[in-house]
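Residue numbers (numbering that gives the first Met the number 0), protein chains in the order written: chain A, 0 to 75; chain B, 0 to 308.
Honestly, the hints are just simulated from the structure, not real lab data.
Cβ coordinates follow ideal geometry from the N, Cα and C atoms, glycine included.
Don't take every hint at face value.
Here are the simulated distance ranges between beta carbons [as the list claims (entries may be wrong)]:
1. A:E65 x B:V119: 17 to 25 Å
2. A:A36 x B:S83: 44 to 52 Å
3. A:A36 x B:L282: 27 to 35 Å
4. B:A107 x A:R58: 33 to 41 Å
Derived lysine to any residue pairs resembling SDA-like cross-links, with alpha carbons at most 25 Å apart [stated by the list, open to error]:
5. B:K207 x A:L70
6. B:K207 x A:R71
7. B:K207 x B:G177
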Amino acid sequence: MRSGVEASVILLAFLPFVFLVTLQLLAPALLAPFRSAAGEVVFGLAVAWMALGYGVLQRMSEPPRESRLRLREVAE
Amino acid sequence: MTAALAAALVLSVVGGFSIAALYLAWPRRLTAEEWVVHRRAVLQVADATGGQRRRAWFPVRSTSIGIGGLMRSSEPDRLLLALSSDRMPVTTEAAARRLLLLAGSGAAAGIAAVTALTLVEGAYWLAATAPVVGVIGGVSLAAGQLALWNYRSRRLRAEVARRLPRVLTGARVLLESGAATAEGALAAAVATYADPSADLVREALRVKEVQRLELEAALDEVAERYRVEDLHRLADTFRIGRRYGTGMAALLADFAQAARSGWHARYRERITRAPVLMTVPALVFFVMPLLALVMYLVFSPLLGTLSRL
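Construct the complete structure from the given sequences, taking the supplied hints into account.
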């Protein structure tokens with residue numbers, strides 16, 4: 000069940016890039032604005048935002064981490 | 000508008016809507032568990048009244064939502080967090096002082112920012128908004144602190160729910176070895192582990208000794224004080240065991256098993272609901288930046304053309 004959720008997260012993360020690559024293959028002239036300095040900044044911000052989203056969604060679907068109980072002698 | 004620009008606009012709209020539609024209407028069958036969760040959610044919404052919704056959003060005993068009500072409602076959170084942090088204000092006065100300090104700092108920062116902006120821009124009408132921005136800054140910082148306490152205490156309660164069975168299993172091991180009496184085994188187990196769940200049981204044992212209560216009553220008192228539901232259930236388990244003469248080791252094993260099963264059921268339900276809960280973050284983090292990129296593609300040539308006019 001969790002692997003299904005993880006697959007959804009990966010699919011969502013890759014879908015925008017698939018769209019952009021398709022656009023690059025079909026009509027490269029349309030992506031010309033991204034080759035300017037401002038375009039690169041906008042593209043970088045969007046990718047960073049998506050990477051943050053990928054992290055958030057991964058965190059929502061991650062299994063709980065089991066850590067050992069600390070012993071009081073070790074802690075003090 | 001050139002033909003290329005019109006085509007780009009149409010392509011952007013079609014692309015944005017298709018991706019959003021593809022995500023929302025991805026063809027798949029609901030599993031039985033998703034259907035059960037969906038039906039339960041629908042029934043809860045249908046049965047909910049306004050008062051019940053308010054209780055869900057503000058889980059306080061009192062119905063008043065004033066400053067005093069907020070302080071009282073945050074008291075169990077602060078007490079619980081104080082178990083693992085020395086800097087947590089435990090008393091109501093100390094917490095009020097911390098919140099007032101934060102509110103004052105937020106208000107001062109807001110007023111200073113608006114004043115600086117007024118002086119830099121030379122727009123003196125902005126100075127009139129300084130009090131409002133100050134109030135917003137003050138309220139935001141104080142509310143943020145309360146929300147942070149609430150968030151951290153909820154996480155700590157979840158940790159306690161997950162780790163309490165392991166502490167109790169430690170006590171059961173001691174008990175089955177015949178090394179201690181029932182309460183002696185509990186005391187030895189909580190003295191062994193440096194963990195908030197062990198600290199709570201140790202607090203219950205301390206209350207039992209100091210106030211000369213039964214262990215069940217002490218557990219109930221600690222559960223009430225720190226708002227930890229699992230200790231109420233543990234108290235009920237002990238109560239039933241005492242009434243029917245069940246062995247303490249069997250009780251502890253049963254409680255630990257039930258707690259673990261309950262935790263797994265909650266986790267399973269969370270993962271079942273995850274695709275639904277992920278809809279909004281997916282729209283915000285993937286569809287929105289993609290639309291922004293498409294809009295940039297559409298409008299940057301237009302702005303370039305306009306700037307040359």
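Hint check:
Restraint check, E65 of chain A to V119 of chain B: a C-beta distance of roughly 53 Å breaks the suggested window 17 to 25 Å. Remark: the range hint 44 to 52 Å for A36 of chain A to S83 of chain B is upheld by a beta-carbon distance near 49 Å. As the Cβ distance of A36 of chain A to L282 of chain B is approximately 29 Å, the hint placing it in 27 to 35 Å holds. At about 35 Å, the beta-carbon gap between A107 of chain B and R58 of chain A stays in the expected band of 33 to 41 Å.
Between the alpha carbons of K207 of chain B and L70 of chain A the distance comes to roughly 24 Å, so the proposed pair stays at or under 25 Å and holds. The hinted pair formed by K207 of chain B and R71 of chain A meets the criterion: a straight-line CA distance of about 22 Å does not exceed 25 Å. With a C-alpha separation of about 23 Å, the suggested pairing of K207 of chain B with G177 of chain B holds against the 25 Å cut-off.
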